[in-house]
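There are 2 protein chains.
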Amino acid sequence: MRVIPANQYQAKRSVDSGTKEQQDAVKAILADVKERGDAALREYTERFDRVALQDFRVSEAEFAEASALVSPEVKQALVEAAANIRDFHERQVRQSWFSTKESGTILGQIIRPLKRAGLYVPGGTAAYPSSVLMNAIPAKIAGVPEVVITTPPGADGKVNPAILVAAQIAGVTDIYKVGGAQAIAALTYGTEQIKAVDKIVGPGNIFVALAKREVFGLVSIDMVAGPSEIAVLADDTANPRYVAADLLSQAEHDPMSAAVLVTTSTALADAVALEVERQLVDLPRKSIAEASIQNHGAIILVENLDEGFAVINAIAPEHLEIMIADPFEHLGKVENAGAIFLGPYSSEPVGDYFAGSNHVIPTNGTARFSSPLSVDDFIKKSSVVSYSKQDLLANGHKIVALAEQEGLAAHGRAISERLRDFKREE
Amino acid sequence: MRVIPANQYQAKRSVDSGTKEQQDAVKAILADVKERGDAALREYTERFDRVALQDFRVSEAEFAEASALVSPEVKQALVEAAANIRDFHERQVRQSWFSTKESGTILGQIIRPLKRAGLYVPGGTAAYPSSVLMNAIPAKIAGVPEVVITTPPGADGKVNPAILVAAQIAGVTDIYKVGGAQAIAALTYGTEQIKAVDKIVGPGNIFVALAKREVFGLVSIDMVAGPSEIAVLADDTANPRYVAADLLSQAEHDPMSAAVLVTTSTALADAVALEVERQLVDLPRKSIAEASIQNHGAIILVENLDEGFAVINAIAPEHLEIMIADPFEHLGKVENAGAIFLGPYSSEPVGDYFAGSNHVIPTNGTARFSSPLSVDDFIKKSSVVSYSKQDLLANGHKIVALAEQEGLAAHGRAISERLRDFKREE
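Protein sequences appear in the order of chains A and B. Heads up: the first sequence begins at 1 in the working numbering, then just goes up one per residue. Heads up: the second sequence begins at 1001 in the working numbering, then just goes up one per residue.
Accuracy of the hints is not assured; some may be wrong.
In silico DSS-like links for lysine-lysine, alpha-carbon gap of 30 Å or less [stated by the list, open to error]:
(1) K1115(B) with K333(A)
(2) K1389(B) with K286(A)
(3) K333(A) with K1195(B)
(4) K1027(B) with K20(A)
(5) K1075(B) with K398(A)
(6) K115(A) with K1333(B)
Derived CB-CB ranges, DEER-like [to be verified]:
(7) F328(A) with V1093(B): 20 to 26 Å
(8) R1002(B) with G171(A): 27 to 33 Å
(9) A31(A) with A1291(B): 27 to 33 Å
Just a few of them, taken from the derived set where beta-carbon distance is under 10 Å, the chain A residues facing chain B [as the list claims (entries may be wrong)]:
(10) P5
(11) S99
(12) K158
(13) I399
(14) A414
Simulated from the structure, these hints should not be mistaken for laboratory data. Idealized CB from N, CA, C, for every residue including glycine.
Working from the sequences, and respecting the hints, build out all of it.
Printed below as a string of structure tokens:
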């Protein structure tokens, strides 16, 4: 890993907008599915997934078959992870509130779950049951009555069994074997077999990302995810083997993933660089991790922890590990980070799989303004105004003055119409 | 107004994507401002706003001049409105939380304000000081340390004085005289005089809307606003003059605005239709309101209130007025509505200007999944995981199992590296 001083590091910031051809292909697929529904879904599924399907919905028999294919150990781990995720996300649930005034006026904010949420789950080698839990459970906890999943089928017309097991554990039984931009189209516009949803979440390839971007506004979407990132802030108390292993756990995701160590210790910097080389040797996903480390990995030397936190806040990493002597003492210095892992045992995979916090976290520097997926993403708020006669009598003329100042006479008259009646009653 | 049965009404749903020429113009402006900064801003301001500016920032002298131009009555109304908006939005403020477990593990969620927010304020005849309050105050309450405004200058190089007065009342003193797509570019990329922001909010014309859509992901944006809407659900207890006046207060915004009455009463339907005609006669914005009523207005007759709520929920209106005998009794039947106004005195302008709830509300049916602007729009969350040795010892092997199931060996090894040390210590 290259070692560089703080002032020479520049976090990359980019949004993959796809090629013109990809954009046009996505627009055509969206329009076609909107127009022709399931018939179009069947054609695209045959073309892209190489399988002919009549019914898209996963059957009871397929769930049973899947359950038999997943080891009891993995099942048990998924069940426990789901319980932890539920526990964490239940703490995010918010209440509606009302404020009642002596004047008779009542103001409030009602919080309700969305009616129907769609979760896109990638297929193939990137089929992650943990992501099913992370996306579906917050929706269920929010109270969304209908949570559905779309996922591309394999060439055998089936879905990765661990995906089905995780879906069942999360309480999702409505699963449709459709992938790509055509799945986003089905979730947006609805087809004969798949009802339209209010929100689409979940990661996908460039076609899925472009399709989500395109339907944004017709339906709610989660963030446009970029490559995964980790930044580790460490001092000389950190264990270089742990630091290196954690950096590599991020690097193995994608050649575009970024793994960065920010440290006050040149000794640690050297040791981590060595450890990364040593641990890379026999990694199954060595070529991916190596490309990531070479192109987007860096060890940044800083003078002191304050400079370290400044570097971290400029990066706004998706994952931040703080491996220093007193991590809690410095927690308040973190301004921008999606998820913060403190101390030697909070290895990022603990959060990816098990602790209970969400692993869908803002990437690409967007932790400056975005948040991990949460129950908040599956609710909507309505304001409530019940204005009393007494308050309208006292304040009506002010409202009229403001409306007239803005040249919106009909707004003023809606109030005057009432005020006139009050006068008459006197 | 046309009177139609419930099954014949179809709410319009559309997103204005602009013409190809508009899209290309916006992309060119964004790229140019990114490249050339203030020099580009000056050129566009000269071309579109017909004024040559050196400094974009509004000066102290301009603020003082503006203050002298706004009537004490309007100023006082703005001050009181701001106090009510503060009071409402302070109730939305959320706390960070931590959950400490006996095992030593601590999980939590930290809530922090964004660092810098940019508010776009339209110029010309659509310069609304109330919108300045509605957009800026939630950001200030959230604790955003830097809130700035961009707004197009008039041909005299000045900003509408009421905008400046409202900005001062809201506590915003950083105002830049730049409008259009070039303002969105400046807020996104930063220029010599204008720093980049984390989030851009506020309405604008099609160029502003397209520019916001284009930079989505690099910076956070609020919803892409469509034309304003009102739906009134009323029974025979409603006053037809009030209903008509409230429908017209919405209709005067824009020929594309929709004003819809849903009622169980044919007598009310007839009376409201007559009243709308009567009240239209001498409205200053008659031609706009008339076009809105003709093209997008409707009176929908329903058999009973339950059918009425079904129609309302399908429309998912931005504003919903409920003028029936027992509005609170039926409040729980509203599934989709941005803001709900109950009873005869809760005329929509009460909420637009004064009660304290926000008037930036999801349009175009997006109340199905979106919410009024709130303090939540100006904060970000970070998850916190401090995992204990005891918990890693107990659960590490489960995490390894899940990682291996997903084929992510380096994730598993990050955990095994620690587990091996624990074994050695035994």
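Proposed interface contact between S99(A) and chain B, which counts if any beta carbon pair is under 10 Å
With Cβ-Cβ at 6 Å, under 10 Å, it holds.
Restraint: I399(A) near chain B, CB-CB cut 10 Å. Satisfied or not?
Hint on I399(A): holds, closest Cβ of chain B at ~5 Å, below 10 Å.
Report holds or violated for the interface hint on K158(A), using the least CB-CB distance to chain B and a cut-off of 10 Å.
17 Å, violated
Straight-line alpha-carbon gap K1389(B) to K286(A), limit 30 Å: 29 Å, holds
Would you settle whether the hint for P5(A) is holds or violated, based on the nearest Cβ-Cβ distance to chain B being less than 10 Å? It is violated, given that the least Cβ distance between P5(A) and chain B is near 24 Å, above 10 Å.
Note to self: A closest beta-carbon separation below 10 Å is what the hint needs, so does A414(A) meet it against chain B?
What the structure shows: Nearest chain B Cβ about 4 Å off; hint holds.
Q) Between A31(A) and A1291(B), is the Cβ distance one that fits in 27 to 33 Å? A) 30 Å, holds
Would the pair K115(A) and K1333(B) pass a check requiring their Cα atoms to be no farther apart than 30 Å?
Holds: K115(A) and K1333(B) sit about 13 Å apart, inside 30 Å.
Checklist entry - Okay, F328(A) versus V1093(B) on CB: inside 20 to 26 Å? => result 24 Å, holds
- prompt: Taking the beta carbons of R1002(B) and G171(A), is their distance inside 27 to 33 Å?
  reply: 45 Å Cβ-Cβ, so the 27 to 33 Å window is violated.
Given the proposed pairing of K1115(B) with K333(A), does the C-alpha separation stay at or below 30 Å? Holds: K1115(B) and K333(A) sit about 14 Å apart, inside 30 Å.
Can the restraint linking K333(A) and K1195(B) be considered satisfied, given a maximum Cα separation of 30 Å? 22 Å, holds
Of the numbered hints stated above, those contradicted by the structure are hints 8, 10, 12, listed in ascending order.
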